[in-house]
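Chemist: Residue numbers (the working numbering): 60 to 311.
Since the hints were derived computationally from the structure, they do not count as laboratory data.
Since the structure is predicted, the reported quantities are computational estimates derived from the model, not experimental observations.
Ideal placement from N, C-alpha and C gives every residue a C-beta, glycine not left out.
Check the hints yourself; a few may be wrong.
[As the list claims (entries may be wrong)] Derived lysine to any residue pairs resembling SDA-like cross-links, with alpha carbons at most 25 angstroms apart: (1) K226 x A116; (2) K226 x E161; (3) K226 x L310; (4) K226 x P286; (5) K226 x T287; (6) K226 x P165; (7) K226 x V118; (8) K300 x E250; (9) K226 x R113; (10) K226 x G146; (11) K226 x S149; (12) K226 x Q178; (13) K226 x A211; (14) K226 x D236; (15) K300 x G115; (16) K226 x H245; (17) K226 x N192; (18) K226 x S193; (19) K300 x T143.
[Stated by the list, open to error] What follows is a set of in silico ranges between Cβ atoms, one per label pair, in the way DEER data are often shown: (20) A116 x V224: 31 to 41 angstroms; (21) P207 x T131: 33 to 43 angstroms; (22) P286 x G219: 26 to 36 angstroms.
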Amino acid sequence: MQHPKRSSWCALAALALTVGPFAAGCSDDAPAEVDAAAATADAAVDATSVDAGRCGADVFFTGETIDWGSSTAMFRGVFDARWTLRGQPSVTATTAPNGRIELCVPAADGVLDLDAPAQYLDGLAVLDLDLINSTTPAFFSARSFMSPGVAANFYLDEVGGPFDVAKGHVLAYAAVDVAAGLALDHPHAAEIGTLDGTTWAAGAGRWTLFPNVDIGDGNAVLAGPGPTFQVAPAIPLEPGKLTFVHYVFALE
């Protein structure tokens, strides 16, 4: 871990998809909630407030870290989650109260490590330069479980088995259109997906979970349909951690 775990939920700021000023005065361990419609409206305004050119020779990376139960009806960001570029500890940032993150990263592929607050599960994200520089915006969205107990209950209810801490867990986010027929090349429990963060069902969704993935050689490959499907070529797997990956796909 890169810093001590902290229980630091605050009331969410009226922002939605890119980092803003941090709030202070946390006093409640429960996730704050905001109206999703208001958050979405603010996102359009906030998105123009960031000058990606400020990164110089680096590239601008933006996204969000949200609670596993966050939905289109009730948005829940994860505050104070620290993302750090693996091998470069100085390239780091923490999420705003609404879970938004902004980071200038070197113009190269890499891995971002998530040091989540309180009892949230840690994870890692695939940083793919082609997706960041894509002409189609490839916004990043990561969901994390509030605690190992929440993860265990979700897996029993939705996956039909326990959360295996000896295996990897891959959450794929559709940055544009949802791609049906996603396939991960390592053995895993049946994938499930959600469109709204509330209802999970077999198959793909806006977020698609590949549970209990065999580690194998430590790198999995995600395949999708058609020539417009674009994703990182290798997805690292680590025991008991969530690996977050996003892809671009456009319906033809």
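Chemist: Each hint needs a verdict: does it hold in this structure or not?
Modeler: Verification of the supplied hints:
For the hint linking K226 to A116, the alpha-carbon distance of about 37 angstroms lies beyond 25 angstroms, and the restraint is violated. Between K226 and E161, the direct Cα distance comes to roughly 30 angstroms. Violation of the 25 angstroms bound is thereby established for this hinted pair. The suggested pairing of K226 with L310 is violated, with an alpha-carbon distance near 32 angstroms, which exceeds 25 angstroms. Restraint check: the Cα-Cα separation between K226 and P286 comes to about 31 angstroms, which exceeds 25 angstroms; the hinted pair is violated.
Taking the CA atoms of K226 and T287, the gap is near 30 angstroms; set against the 25 angstroms cutoff, the hint is violated. Our distance criterion of 25 angstroms between C-alpha atoms is broken by K226 and P165, whose separation comes to about 30 angstroms. Straight-line distance between C-alpha atoms of K226 and V118 comes to about 32 angstroms, which puts the hinted pair past the 25 angstroms bound. A threshold of 25 angstroms between alpha carbons decides the hint, and for K300 with E250 the separation of about 16 angstroms falls inside it, so the pair holds.
Restraint check: the Cα-Cα separation between K226 and R113 comes to about 39 angstroms, which exceeds 25 angstroms; the hinted pair is violated. In summary, the hint linking K226 to G146 is supported, as the alpha carbons are separated by about 23 angstroms, within the 25 angstroms threshold. Of the supplied pair hints, the one linking K226 and S149 is violated, its CA atoms being roughly 29 angstroms apart against a limit of 25 angstroms. The suggested pairing of K226 with Q178 holds, with an alpha-carbon distance near 19 angstroms, which does not exceed 25 angstroms.
Between K226 and A211 the CA atoms are separated by roughly 14 angstroms; this keeps the pair inside 25 angstroms, and the hint holds. Annotation: proposed proximity of K226 to D236 is violated, straight-line Cα distance about 28 angstroms (limit 25 angstroms). For the given pair, K300 sits about 33 angstroms from G115 by alpha-carbon distance, which is inconsistent with the 25 angstroms threshold. Annotation: proposed proximity of K226 to H245 holds, straight-line Cα distance about 11 angstroms (limit 25 angstroms).
Among the hinted pairs, K226 with N192 is inconsistent with the structure: their alpha-carbon atoms are about 31 angstroms apart, more than 25 angstroms. Distance restraint check for K226 and S193: the Cα-Cα separation of roughly 31 angstroms exceeds the 25 angstroms cut-off, and the hinted pair is therefore not satisfied. The hinted pair formed by K300 and T143 meets the criterion: a straight-line CA distance of about 15 angstroms does not exceed 25 angstroms. Between A116 and V224 the beta carbons are some 40 angstroms apart, a value that agrees with the proposed interval 31 to 41 angstroms.
Between P207 and T131 the beta carbon distance is about 26 angstroms. The supplied range of 33 to 43 angstroms is therefore violated. Hint check: P286 to G219, Cβ distance near 34 angstroms, so the stated range 26 to 36 angstroms holds.
Hint compliance for this structure: hints 1, 2, 3, 4, 5, 6, 7, 9, 11, 14, 15, 17, 18, 21 are broken, all remaining hints hold.
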